[in-house]
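Starting from the structure of chain A, add chains B and C where the hints point.
Residue strings, one per chain:
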Amino acid sequence: MIKKRKYMNPYLAGVLLGLVLLASFYLTGRGLGASGAMKSVVVSGVEKIAPSHVSNSGFYSKYVSEEASPLKTWLVLEVFGVLIGGFISGAISGRLGLKVERSPKITNRRRLIFAAIGGALFGFGSQLGRGCTSGAALSGMAVLSVAGFVTMMAIFGTAFALAYFFRKNWI
Amino acid sequence: MKSRVLLTIVIVSLSAIAAILPQKKNSSVQLSADEVLQGINLGTYKISSDQLTEVIINQDPSYMLIDLRSASEFEDYHFPGAINIPFDSLFTENWIMYIDQDLRNNIFYSNGGSLAGQALVLTRQRGFKNNFVLEGGLNEYFDKVVNAEEPPGIADAQEHKIYQRRKAAQQYFKGGEALPENDTEIMIKPIPVRKKKMVQGGCS
Amino acid sequence: MGPIIPVFGISEELNLLIAFIIGLGFGFALEQAGFSSSRKLAGMFYGYDITVLKVFFTAAITAMLGLIFLNYLEMIDMGIIYVNQYYIQSAIVGGVIMGAGFIVGGFCPGTSVCAAAIGKIDAMVFIGGSLLGIIFFGETYSWWEELYNKNFIGSPKLSNTLNLKDGVLALLVVVMAVIMFWLGEKAEKRFNRDDIIKEI
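Going down the list, the protein sequences come from chains A, B and C.
Sequential numbering from 6 applies to the first sequence in my numbering.
Sequential numbering from 980 applies to the second sequence in my numbering.
Sequential numbering from 47 applies to the third sequence in my numbering.
Please keep in mind that the hints were generated in silico from the structure rather than gathered at the bench.
Be aware that one or more of the hints could be misleading.
[Stated by the list, open to error] Cross-link-like lysine to aspartate or glutamate pairs, in silico, EDC-like; alpha carbons within 20 Å at most: (1) LYS1146(B) - ASP1135(B); (2) LYS11(A) - GLU59(C); (3) LYS1146(B) - GLU1128(B); (4) LYS173(A) - ASP240(C); (5) LYS1108(B) - GLU1119(B); (6) LYS67(A) - GLU245(C); (7) LYS1123(B) - ASP1135(B); (8) LYS1146(B) - GLU1119(B); (9) LYS104(A) - GLU58(C); (10) LYS67(A) - GLU234(C); (11) LYS1146(B) - ASP1029(B); (12) LYS1025(B) - GLU1128(B); (13) LYS1123(B) - GLU1138(B); (14) LYS1003(B) - ASP1081(B); (15) LYS1108(B) - ASP1135(B); (16) LYS77(A) - GLU58(C); (17) LYS1123(B) - ASP1029(B); (18) LYS77(A) - GLU234(C); (19) LYS11(A) - ASP241(C); (20) LYS104(A) - GLU245(C); (21) LYS173(A) - GLU120(C); (22) LYS11(A) - GLU245(C); (23) LYS110(A) - GLU185(C); (24) LYS981(B) - GLU234(C); (25) LYS53(A) - GLU185(C); (26) LYS11(A) - ASP240(C); (27) LYS235(C) - GLU245(C); (28) LYS1003(B) - GLU120(C); (29) LYS110(A) - GLU245(C); (30) LYS67(A) - GLU192(C); (31) LYS110(A) - ASP240(C); (32) LYS244(C) - GLU234(C); (33) LYS173(A) - GLU245(C); (34) LYS981(B) - GLU192(C); (35) LYS1025(B) - GLU1072(B); (36) LYS173(A) - GLU192(C); (37) LYS11(A) - GLU231(C).
[As the list claims (entries may be wrong)] Here are some chain C residues the structure puts well away from chain A; computed CB gaps all over 10 Å: (38) GLY55; (39) SER57; (40) GLU120.
C-beta: ideal position from N, C-alpha, C; glycine also.
The following block holds chain A by itself, in its conformation from the complex (with noise of 0.2 Å):
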C-alpha cells in the first residue's frame, strides 16, 4: 500500500468544491445534489418489483414518466460520477481499503447499527426536507436562497444540539 496521504487544506479544499459547485450552476443551472439520486434508486426499484404500486402512490408516481427511467437522470449520474470521483482521489492518496471506522470504545456491530439508523433518518429527513447537506444546503446557500440557510442551521443546530449524547460513538 502507498504511504498515506495527507488530506488537502480544507480551505483550498472547500474553494475546489466551490469552484465544481459553480460550474454546475454556470453549465446547468442547477447545483449538487445526492439524495436525490439515492431516491431515484429506491422509485426504480420499487417500480421492478410492484409497478401498479409505484402509480398508486402520491410520491413514487411524482418521479417515473413513460420516457425514462428514474435511473437515467442527471443527479444519478452526478453521483456515479462521486463514486469515481471519490475512487479515484482515494487511490491517489492510498487510502484504499475494506474497514469499518469507529471509536475504539464501541464495537464494529455497534457502529454498523448505528450508520443504518443515521442513514435511515437521513433518508427520511432528506426526503421531507427537499434535499440533503449538499441539495439543500450548499446549493442552496450557495443561491442565498431561504431554504437553504434554514436547512443548513437545522441540519447543524441538531447535529451539535445532540453530540453530547452520542460522544460514545465518535470521542
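Below, chains B and C alone, put in the same frame as chain A:
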C-alpha cells in the same frame, strides 16, 4: 499560516467588491401560474388604494392606469388618466405594447379584484414586467377613499394624515369635471416575448 | 450567456455526461477534504476537527461570489438558476431529522457515497439505511403529505427577504464565516484529540 491570511484577504475583498457593485437583474424566465399567484398572495404585485391615491394626486408619470372593463363602463366612469383596454383585447396586437414594456408601471383595475387579478397572472406568467393590480378594484377604492369618513379625534396622527390625502384625492372624483385627460401618450415599442423555463434542481 | 445547457438547448445526453464529470469533481473534492471519514466529519460536533465547517462554508462562499460576479458580468441568467423552494415546516422538520441522522450515522448522503467509494463499510451500511429511510417515507407518504406541502412560500432569496443586495448579504456571510473559522480553530486547539486525528 500565510496562505490562510492571503485567502481571507482575497475572499473578504472580493465580497466587499460584490457588496459595492450595483445589483443587476439578468432574468428571462416565464413564471408559472403558481408563482404569480404566490406573488399576489404576498402582496408583491398589489397596489393599495392609498398608494393609488398618491399616484393620482401627484399625477405620477411613471404609472399608467389600465381600465379592463368594457368600453361602456369606461365611458360611465374611470380614473383620471386611465386608458381603456377591455380584458378580452389585452393580448391583441393593438395593446400588447402597453403591457409588455420597460418604461412604466401599469396598474390594472376592474370593478372587483378578480378580472384585474387574472390579467396580472396572465401577463406576469408571460414574463411581462411592470404590471400591478389595484387591490380590491374600483369598489374598494370608492369605499375607502372617495367615501372616506373622517377618523375620530382620538385616532393617531397617521390616520388623520391618510384621511387628508384621501380628501385631497376626492377633488378628482367629486364636484364636476376635474379629470385631467391623458393627452401625452407615449408610444411604446413592443419587446419580444420570452419563452425560457427554469431548470429543475435540488434533490426533490 | 449561461447557464450553457438550458440556454442553448444542448442535448440531454451531453447534459448527463456533464453531470458525470461534475460528479467526478464533487467526489474528488469531498474525498480530498477528508469527508470520506466519519470520525473527521463528526469532529465538527466535538470541536477536535472542524474541517466540515471550513470546507462547507468556503465552498458555499466561493460559489456564491462566483454567481454574483457572473451575474454582474451578464454571463449568467439568474432567472433560470434553480433556487430551492421553501416550505417552512418541512424544511425545518426535515433538517432536524437530518441533523439527528448526521450525528448518529456520521455521514450525509454525498459523503457516504464518497466514503463507500474508498471502501468504508460503515458508509455502505449508511447508504443502505438511507434507501430504507426513503422507502419508509415513500410508503407512509400520506401521513406526511400535509406537513410536506404546508406553507409553501415559493423560492425566496434571503437577500430579498432581508431587503439587501445579494453582494451585501454575501459580505455578511463571509464576515460571519471568518469569525466562525477563527473560533473553530481555537476550538480545535482546545478540544484537541491527537489520538483521533492520527487515526483518521
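Evaluated hints:
Between LYS1146(B) and ASP1135(B), the direct Cα distance comes to roughly 17 Å. Compliance with the 20 Å bound is thereby established for this hinted pair. A C-alpha spacing of about 37 Å is found between LYS11(A) and GLU59(C), which places the hinted pair above 20 Å, so the restraint is violated. Distance hint between LYS1146(B) and GLU1128(B) is fulfilled; the C-alpha atoms sit about 9 Å from each other, no more than 20 Å. Between LYS173(A) and ASP240(C), the direct Cα distance comes to roughly 17 Å. Compliance with the 20 Å bound is thereby established for this hinted pair.
At roughly 25 Å between alpha-carbon atoms, LYS1108(B) and GLU1119(B) are farther apart than 20 Å, so this suggested pair is violated. A distance of roughly 44 Å separates the Cα atoms of LYS67(A) and GLU245(C); the hinted pair therefore is violated under the 20 Å criterion. Restraint check for LYS1123(B) and ASP1135(B): the C-alpha separation of about 18 Å stays at or below 20 Å, so the hint holds. Between LYS1146(B) and GLU1119(B) the CA atoms are separated by roughly 16 Å; this keeps the pair inside 20 Å, and the hint holds.
Restraint check for LYS104(A) and GLU58(C): not satisfied, since their Cα atoms lie roughly 38 Å apart, outside the 20 Å limit. Proximity of LYS67(A) to GLU234(C) is assessed by CA-CA distance (about 45 Å); at most 20 Å being required, the pair is judged violated. Using a Cα cut-off of 20 Å, the hinted pair LYS1146(B) and ASP1029(B) holds, with the two alpha carbons roughly 11 Å apart. In summary, the hint linking LYS1025(B) to GLU1128(B) is not supported, as the alpha carbons are separated by about 24 Å, beyond the 20 Å threshold.
Between LYS1123(B) and GLU1138(B), the direct Cα distance comes to roughly 13 Å. Compliance with the 20 Å bound is thereby established for this hinted pair. A distance of roughly 15 Å separates the Cα atoms of LYS1003(B) and ASP1081(B); the hinted pair therefore holds under the 20 Å criterion. For the suggested pair LYS1108(B) and ASP1135(B), the alpha carbons sit about 37 Å apart, so the restraint of at most 20 Å is broken. Between LYS77(A) and GLU58(C), the direct Cα distance comes to roughly 10 Å. Compliance with the 20 Å bound is thereby established for this hinted pair.
Proximity of LYS1123(B) to ASP1029(B) is assessed by CA-CA distance (about 9 Å); at most 20 Å being required, the pair is judged to hold. Among the hinted pairs, LYS77(A) with GLU234(C) is inconsistent with the structure: their alpha-carbon atoms are about 43 Å apart, more than 20 Å. Taking the CA atoms of LYS11(A) and ASP241(C), the gap is near 16 Å; set against the 20 Å cutoff, the hint holds. Taken as a hint, the LYS104(A) and GLU245(C) pair is honoured in the structure, with Cα atoms around 12 Å apart against an allowance of 20 Å.
Restraint check: the Cα-Cα separation between LYS173(A) and GLU120(C) comes to about 52 Å, which exceeds 20 Å; the hinted pair is violated. Between the alpha carbons of LYS11(A) and GLU245(C) the distance comes to roughly 12 Å, so the proposed pair stays at or under 20 Å and holds. With a C-alpha separation of about 36 Å, the suggested pairing of LYS110(A) with GLU185(C) is violated against the 20 Å cut-off. Proximity of LYS981(B) to GLU234(C) is assessed by CA-CA distance (about 19 Å); at most 20 Å being required, the pair is judged to hold.
For a cut-off of 20 Å, the pair hint linking LYS53(A) to GLU185(C) stands: about 16 Å separates their Cα positions. At roughly 15 Å between alpha-carbon atoms, LYS11(A) and ASP240(C) fall within 20 Å of each other, so this suggested pair holds. Among the hinted pairs, LYS235(C) with GLU245(C) is consistent with the structure: their alpha-carbon atoms are about 17 Å apart, no more than 20 Å. For the hint linking LYS1003(B) to GLU120(C), the alpha-carbon distance of about 8 Å falls within 20 Å, and the restraint holds.
Our distance criterion of 20 Å between C-alpha atoms is met by LYS110(A) and GLU245(C), whose separation comes to about 14 Å. Restraint check: the Cα-Cα separation between LYS67(A) and GLU192(C) comes to about 16 Å, which is no more than 20 Å; the hinted pair holds. Of the pairs offered as hints, the one joining LYS110(A) and ASP240(C) holds, with about 16 Å between alpha carbons and a cut-off of 20 Å not exceeded. For the suggested pair LYS244(C) and GLU234(C), the alpha carbons sit about 14 Å apart, so the restraint of at most 20 Å is met.
Of the supplied pair hints, the one linking LYS173(A) and GLU245(C) holds, its CA atoms being roughly 16 Å apart against a limit of 20 Å. Restraint check: the Cα-Cα separation between LYS981(B) and GLU192(C) comes to about 53 Å, which exceeds 20 Å; the hinted pair is violated. Simply put, LYS1025(B) and GLU1072(B) have alpha-carbon atoms about 26 Å apart, too far for the 20 Å limit, and the pair is violated. Using a Cα cut-off of 20 Å, the hinted pair LYS173(A) and GLU192(C) is violated, with the two alpha carbons roughly 37 Å apart.
Our distance criterion of 20 Å between C-alpha atoms is met by LYS11(A) and GLU231(C), whose separation comes to about 18 Å. Annotated as non-interface, GLY55(C) keeps its C-beta farther than 10 Å from every C-beta of chain A; the closest such distance is 12 Å. At the 10 Å boundary, the C-beta of SER57(C) stays outside the reach of chain A, the nearest C-beta of that chain being 13 Å off. Even its closest Cβ contact with chain A, about 13 Å, leaves GLU120(C) beyond 10 Å, as expected for a residue assigned away from the interface.
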